[in-house]
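*Asks:* Given the sequences, and given the hints that come with them, work out the whole structure.
Sequences listed follow chains A and B, in order. Position 45 of the first sequence, counting from 1, maps to 45 under my numbering, and the rest follow consecutively. Position 67 of the second sequence, counting from 1, maps to 67 under my numbering, and the rest follow consecutively.
Treat the hints with caution; some may be incorrect.
Partial pick of chain A residues on the chain B-facing surface, computed with a CB cut under 7 Å [claimed, not checked]:
#1 14
#2 44
#3 46
#4 47
#5 54
Don't read these hints as lab results, they were simulated from the structure. Note that the coordinates shown come from a computational prediction; the quantities given were computed from them, not determined experimentally. From the three backbone atoms N, C-alpha and C, an ideal C-beta is built for every residue, glycine too.
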Amino acid sequence: QKEVEQNSGPLSVPEGAIASLNCTYSDRVSQSFFWYRQYSGKSPELIMSIYSNGDKEDGRFTAQLNKASQYVSLLIRDSQPSDSATYLCAVRSTDNFNKFYFGSGTKLNVKP
Amino acid sequence: GAGVSQTPSNKVTEKGKYVELRCDPISGHTALYWYRQSLGQGPEFLIYFQGTGAADDSGLPNDRFFAVRPEGSVSTLKIQRTERGDSAMYLCASSPNRDNEQFFGPGTRLTVL
Chain A
1 QKEVEQNSGP LSVPEGAIAS LNCTYSDRVS QSFFWYRQYS GKSPELIMSI
51 YSNGDKEDGR FTAQLNKASQ YVSLLIRDSQ PSDSATYLCA VRSTDNFNKF
101 YFGSGTKLNV KP
Chain B
1 GAGVSQTPSN KVTEKGKYVE LRCDPISGHT ALYWYRQSLG QGPEFLIYFQ
51 GTGAADDSGL PNDRFFAVRP EGSVSTLKIQ RTERGDSAMY LCASSPNRDN
101 EQFFGPGTRL TVL
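*Replies:* This is the structure we're talking about:
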């Protein structure tokens, strides 16, 4: 079992809709979670970090964490074509704090 | 301020050759990470530096891979006797310290022919 699992997609949503991206992780005691956006051929760009259960909002982005279910999600409100990218979920390892595990990413397509 | 920079942006080499990839982190960031990303996959941890020392090299795939950070700033990832399977995007990230978020550089696309 991989440490971080994401649906590869593509997830297609119309412009203006809410895009919901999901991630599950295997380490029950993980504490630090991150969402990155990666455009094709570019490097990952940090969108949000979340450390506590519940929701964290930043502009059009909301990260949701449920440690009991080992689940973290990213909601993008009012999706724009420029949001079309691959979204990577990352989790800090608890047996090696130096190491971050990344999922394979979910490709999001926002259609005009 | 300036972000993480990496050079070269692209490197094409022949099987068996030696390559060096350079990373210049954000000024003042003490933590530096190297990752490798293959197409359709997430970044895979290679090595972590805190200051000048390689605090964790557990992700290096074999002894052909080596990295240094002699003055606690710029880091070089060195790959000896390159193989076609080494072809990937090599990403560097830096962080103010280990407990903070990481910021990635633009990456070096390595192609081994």
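*Asks:* Tell me the numbers of any earlier hints that the structure contravenes, in ascending order.
*Replies:* 1, 4 and 5
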